[in-house]
Structures are given as structure tokens and as C-alpha cells.
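With these hints in hand, go ahead and build the complete structure from the sequences.
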Amino acid sequence: MIEVQNISKTYVNGDITFEALRGVTFTIEDGEFVAIMGPSGSGKSTLMHILGALDSPSNGTYLLNGKDISFMTEDELADIRREKIGFVFQAFNLLPRTTVLRNVMLPLVYDGVPHETREKRAKKALKDAGMDETHFNHKSNQLSGGQIQRVAIARALVNDPTIILADEPTGNLDSKTGDIVLGTFQKLNEDFGRTIILITHEHDVAEHAERIIHIKDGMILSDSKAHARRKIKR
Amino acid sequence: MNLIDILEETYSALSANKVRTGLTMLGIVIGISSVIAMISIGQGAKMSIQSSIESLGSNLLTIMPGIVQPGRGIVSAGRGSAQTLKNEDVSIVKNIDGVAAVSAELSRRFQVTASTGNNTNTTVNGVTPDFITVRNISMSNGSFFSDVDNRGYSRHAILGATVATDLFGEEDPIGKNIRIGGANFMVTGVFLKKGGMGFSGPDDMVTVTLPTMQKILTSSDYVSTILVSVADKNQMSDIKNLITDELTVSHRVSEPDFSIISQEDILGTLSTVVNTFTMFLASIAGISLLVGGIGIMNMMLTTVTERTREIGLRKAIGAKRRDISLQFLAEAVVITFVGGAIGIALGWLIAYLVTLTGLVQTSVTLWSVLLAFGVAAFIGIVFGYYPAKSAAALNPIEALRYE
Numbered sequence: 001m002i003e004v005q006n007i008s009k010t011y012v013n014g015d016i017t018f019e020a021l022r023g024v025t026f027t028i029e030d031g032e033f034v035a036i037m038g039p040s041g042s043g044k045s046t047l048m049h050i051l052g053a054l055d056s057p058s059n060g061t062y063l064l065n066g067k068d069i070s071f072m073t074e075d076e077l078a079d080i081r082r083e084k085i086g087f088v089f090q091a092f093n094l095l096p097r098t099t100v101l102r103n104v105m106l107p108l109v110y111d112g113v114p115h116e117t118r119e120k121r122a123k124k125a126l127k128d129a130g131m132d133e134t135h136f137n138h139k140s141n142q143l144s145g146g147q148i149q150r151v152a153i154a155r156a157l158v159n160d161p162t163i164i165l166a167d168e169p170t171g172n173l174d175s176k177t178g179d180i181v182l183g184t185f186q187k188l189n190e191d192f193g194r195t196i197i198l199i200t201h202e203h204d205v206a207e208h209a210e211r212i213i214h215i216k217d218g219m220i221l222s223d224s225k226a227h228a229r230r231k232i233k234r
Numbered sequence: 001m002n003l004i005d006i007l008e009e010t011y012s013a014l015s016a017n018k019v020r021t022g023l024t025m026l027g028i029v030i031g032i033s034s035v036i037a038m039i040s041i042g043q044g045a046k047m048s049i050q051s052s053i054e055s056l057g058s059n060l061l062t063i064m065p066g067i068v069q070p071g072r073g074i075v076s077a078g079r080g081s082a083q084t085l086k087n088e089d090v091s092i093v094k095n096i097d098g099v100a101a102v103s104a105e106l107s108r109r110f111q112v113t114a115s116t117g118n119n120t121n122t123t124v125n126g127v128t129p130d131f132i133t134v135r136n137i138s139m140s141n142g143s144f145f146s147d148v149d150n151r152g153y154s155r156h157a158i159l160g161a162t163v164a165t166d167l168f169g170e171e172d173p174i175g176k177n178i179r180i181g182g183a184n185f186m187v188t189g190v191f192l193k194k195g196g197m198g199f200s201g202p203d204d205m206v207t208v209t210l211p212t213m214q215k216i217l218t219s220s221d222y223v224s225t226i227l228v229s230v231a232d233k234n235q236m237s238d239i240k241n242l243i244t245d246e247l248t249v250s251h252r253v254s255e256p257d258f259s260i261i262s263q264e265d266i267l268g269t270l271s272t273v274v275n276t277f278t279m280f281l282a283s284i285a286g287i288s289l290l291v292g293g294i295g296i297m298n299m300m301l302t303t304v305t306e307r308t309r310e311i312g313l314r315k316a317i318g319a320k321r322r323d324i325s326l327q328f329l330a331e332a333v334v335i336t337f338v339g340g341a342i343g344i345a346l347g348w349l350i351a352y353l354v355t356l357t358g359l360v361q362t363s364v365t366l367w368s369v370l371l372a373f374g375v376a377a378f379i380g381i382v383f384g385y386y387p388a389k390s391a392a393a394l395n396p397i398e399a400l401r402y403e
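Protein chains in written order, with the numbering used here: chain A, 1 to 234; chain B, 1 to 403.
Quick caveat, the hints were computed from the structure, so don't treat them as lab data. Hints are not guaranteed to be accurate.
[What the hints assert, rightly or not] Computed spacing ranges between beta-carbons, pair by pair:
#1 B/Arg-322 <-> A/Gly-23: 32 to 38 Å
#2 B/Ala-377 <-> A/Glu-29: 49 to 55 Å
#3 B/Arg-322 <-> A/Glu-116: 20 to 26 Å
#4 A/Asp-191 <-> B/Ala-377: 50 to 56 Å
#5 B/Ala-377 <-> A/Asn-59: 45 to 51 Å
#6 B/Ser-390 <-> A/Glu-3: 34 to 40 Å
#7 B/Tyr-11 <-> A/Leu-221: 16 to 22 Å
#8 B/Phe-280 <-> A/Gln-142: 52 to 58 Å
#9 B/Glu-398 <-> A/Thr-117: 32 to 38 Å
[Stated by the list, open to error] Simulated pairs of lysine-lysine, BS3-like, Cα-Cα distance not exceeding 30 Å:
#10 B/Lys-18 <-> B/Lys-215
#11 A/Lys-67 <-> A/Lys-233
#12 B/Lys-18 <-> A/Lys-139
#13 A/Lys-84 <-> B/Lys-389
#14 A/Lys-233 <-> A/Lys-123
#15 B/Lys-215 <-> B/Lys-193
Positions of the beta carbon are idealized from the N, C-alpha and C atoms, including for glycine.
Set out below in C-alpha cells:
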């Protein structure tokens, strides 16, 4: 469960201060599928970085599973990211020249999981993310965009995280493969009860979530159920 | 992240750009191999000097007239000019406990003419009976002086191998006559060729008995060298002090008017020279090793920049700073280790080839290999540390955005 209380973030660059977030409060329960939506410069990226334990807020508290992680050191945050958070990026960020399986196993390497268990868990995550077993030993640069993003989703899943954070996951994909990726998220949410936070600037994409938090100028504009929820047919 | 994981990551990173890895490694290979080769040449030179000095007789003390000035070396001393060593001194030294044998010598250069008409300018050495024992020389032909020779002023001479060839060529010199400074001598033997060092080498020498040398050839009563063979090698310095005391007393002087040099002293002086020379060569080679290390740092910094996004991703999925810095440090260390291993093999090969040319006998010692490997590891860590640290210090958010 995520509890964000009155979080703000201020960047200071010389004489110029920039308030990226000005007091944001919300709660996300386990098993929710939430979209955080807003135009560029709205503060959604800053919010994602804080939710993903990549950055700390200037003020306010962030409780992840009841634990305050607002003011942790860099290495403590790395532990949180490794154990509790799975990232899916717009730019995929798979390691080039490396097999699908090794890419997915990478978080387990840093977690000190033994070799035998790694492969088993990576294969399960890949199947959950809808990847075909024939691709497991392909190099990541031999895959299509949709496949690459599903490998990235599998990598986010493999550590059994509390939340999956997807930052514009369809931004580099055409609408058809984008739908496949969004369908994958819906499946993970419905079938496996995964908590998913989708960050996007597109309303169409946000409509795939159950709940939409609309953010603008560093503040929450609206927080409501998706009005016309889109379901990807399986 | 365990060792196997780190090595797997390192392997895949280094093999991703084989040419760059290879060229960077080449810098270390050249550095290490030249250090190994240079040290092996220096070591080899030192060992060949040692063995030729030891072949002259290992537990020898050399007493020479006059004082050897420190720093002026042993060669320029007043040998021949000072006349402070007398025949009595020989018996004094002989009576000291622990002295196994004493050989007194008086040498001077003469023009020597053979009955064949050949002549040569060489050292004529008047010696006592212990000469061949102390000098560790054997006969190749004929026999050494008999007791009769030693008692009287015999006109018998023994030739060094070089002199024998100079004077008589392929002929057998035994029984032939030679003229030394106007006096006739008969050759009764030839020494076995000893080779080795140029100075005081017995190959280029004509040997007569000491009484003959003193009375007939030089009309003098002094000796130019007393060689003392010490029974126990560990007692060298004790015996040296004893001789110094006794001779100082018998000469009735307050300061010794003679010098005693042990083989160790000569060895020590020469070893110092060779060591300095070796260090000089090795430090030039060391500079190339340093340049190789800078090459590694350069490559690692480029790699860190190129892989900024990858570092960002690794951090995002939970890699700690330590994981990142270990990974990059491992790359630098692996390059130097592999390069170091190849360099040691190559240096060994170079040393072997140098030996084959016959110029210098080389010797690759364990410590030079360990030194080279230690230096390689040190360079890997030192020059890999900064790039690894800067990789670990990257901010994950900025690293992920890096284009």
C-alpha cells in the first residue's frame, strides 16, 4: 500500500527555485491499477521518481507498506527499489547484446538469488508477461518493440514487487503494440492482483486503468474512477 | 552480486568491444613484458658475474699492498707500486688459525719471446706452491712446479692457455724454451683454460716460482698479492680482522699499509653496479607500464560515459553503489590481469630469445614475475578506481535520461 501525505518537491538551481510538486496526497491500495496523468511539466515525472524511490521528497511523507521511506540514504533506497518496485520505462532500457532471459534475471543478480532459482523465476515472469518461450534465448535487439516492452515488464515482475511503475510504457510503440502492452498490464492486474501505476500524458492510455489521478502544476486536479474504462480484448 | 556474476558481467562487457579491449590490454602487455625482460637480463648479467668470480675461488681473501681508497675501486689501487708486503708476511698469515692455504704472488709485465720467434707482452707471475689450490686452477698439460723448483731458483715456466696459443700456436709447448726479460726458461706445463673474468685471469699469464721471480727477474723482496684461502666461509670477516691486526703489528704501523679484499667485496661492488643498471632498465620499462595504466583509465572513463543509461537502469532495479563500482573495477582489473599474464609470458619469451642470441644469459626470477603481477594488479585498481567511482556516483534519474 502506498500512502503519500502532502508531498512537495522543490528544485533549487542557483537563484531559481522550481516547485515541481506542491503538496500531493493520495493512497493507493494493493491490487489497484492507477494512471497518473498530466501534461509535460506537470510534475508527474517527479512524482514517479519519488514513488519509485529514485528520489526523495523535499517535504511530506511517503509510506510504502507502512514504512516511511521519505528520507532514506541512497543505498537504502536501492534496497527498496530492488525489493519493492518494478520499473517499466518508455525507452525499454534492456541490456543490448544480452539474452531475454539474462535481462529478466538481472534484478535477481543484485538480490543475491541463487542461480537455479533465478532462471525458474525469470521464466515464470516472462510467461506472466505473455512472452513466448521460443524467444527466451534471443538477444534483446532481435525482438520487436512490443516484445521488448513485455520483456521489460517481465523484468519488473521478477522480483515480486509491491508496485509496478510504468513510465509512458507505450510512448515508443505504435497503437497496436501499445494495446498489447496495456493488455498485459490489465491481465497482470486482474489475474495476478498486481498493483500497477501507469504514468502517461495521454488520456486514451490512462483510460486503461481503473482509477485516474490527474495532475497539473504540481497539484492533484482530480482523482476518480476511469469514466470510460477501456478493456483490451484477450 | 557474487564473484561469478561480476565475472560474467565483465566478460560480456569486455567482449562487446574486442578491439578496444585488446588495444588497451596491449599497453599493459608491453609494459609488463618489458619489465620482466629487463629484470631478467639484469639478473642474468649479475648471475654470470657471480659465477665467474666464484670460479676464481669462492672463499678467498686478497691482501694487496697500499691502501685502497674508498670509491676509487680496487683496480686503480697502488698495486705494484707499493712494496709493503714482504715474504715474512706470508708465513705470518699462514700461521693464523682458520687459514687453509696461502698463495703469495708477484707479478709484472714482461715481453716474452718463444723459441718459435713469436712474442707477446704478458703478465709474469711468481707464485708459491699453494697457487693452484688457492686459485682453483688445474693443469691441462705437463705438471706444476715440483718441490725442487720451489726451493731453488728454477728456470721453469708454466703458460696460461692464451699465452700458450700466442707463443706456440698448435704446437705442444712442453719442453720448449721461452725468454722472459733476457732470461731463458723452459716450459713445463700449461694451465687449463679458465675463461671468465678479464682481470687477474690466469689464461693470459706466464707463471714462474716466486723465488725465481724475485731474484732473477725483478731483483726485489716484496710480493704484490697474497691470496688467502679460508677454511670456513663463515669466518671470512673474523680471519680478515685477524690478518689485519697481525700484519699491522708486524709492519709496526698504526694504520694498515695494505688492503684486504674478500671476493664478497668484489661481488658486492659489481652487484651494486649491475643492480643499479637493472633498476634503470626496469624503470624505463615501468614508464611504459604507467602509460598502459593511463590507457586503461581512459578506456574505462569512455566506457562509463557510453554506458550511462545502463548504469541508470542497473541502479533503478536496485544495484547499490558498491555493485556498480565493483563491476567497473572488475573490468579494469581483469584487463590488467589478463594483460599481465600475457605480458609475463611474452617477457619470458623475450628473455629466452635474448639468451638464444648468446649476448647475455638471462634469468627470469620468481620475484620479478610476482613484482610485475603485483604492479599490474595495483595499476588495475588504481586506474580503475576513479572511473568506477564516478560510475557509482551517477544519479539514476539523470543517468536514465542521458542521451
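Hint says 16 to 22 Å; check whether the CB-CB distance for B/Tyr-11 and A/Leu-221 agrees.
Violated, at about 51 Å.
Return holds or violated for the Cβ distance of B/Arg-322 and A/Gly-23 against the range 32 to 38 Å.
Hint holds: Cβ distance 36 Å, inside 32 to 38 Å.
Beta-carbon spacing of B/Ala-377 to A/Asn-59 - inside the hinted bounds 45 to 51 Å or not
With a Cβ separation near 48 Å, B/Ala-377 and A/Asn-59 satisfy 45 to 51 Å, so the hint holds.
Does B/Lys-389 lie within 30 Å of A/Lys-84 when you go C-alpha to C-alpha?
26 Å, holds
Is B/Lys-18 within 30 Å of A/Lys-139, Cα to Cα?
18 Å, holds
Does the Cβ-Cβ separation between A/Asp-191 and B/Ala-377 fall within 50 to 56 Å?
52 Å, holds
For B/Ser-390 and A/Glu-3, compare the CB-CB distance with the range 34 to 40 Å and indicate the outcome.
36 Å, holds
With 20 to 26 Å as the target window, see if B/Arg-322 and A/Glu-116 comply at their CB atoms.
Given range 20 to 26 Å: holds, Cβ gap about 25 Å.
Just to be careful, I want the Cα atoms of B/Lys-215 and B/Lys-193 compared with a cutoff of 30 Å; is the pair within it?
29 Å, holds
Can the restraint linking B/Lys-18 and B/Lys-215 be considered satisfied, given a maximum Cα separation of 30 Å?
Violated, at about 82 Å.
Are A/Lys-233 and A/Lys-123 close enough, with their CA atoms no more than 30 Å apart?
Distance ~25 Å between A/Lys-233 and A/Lys-123 Cα, so the pair holds.
Given the range 49 to 55 Å, decide if the beta-carbon distance of B/Ala-377 to A/Glu-29 lies inside it.
54 Å, holds
In this structure, the earlier hints numbered 7, 10 and 11 are contradicted, and the remaining ones agree with it.
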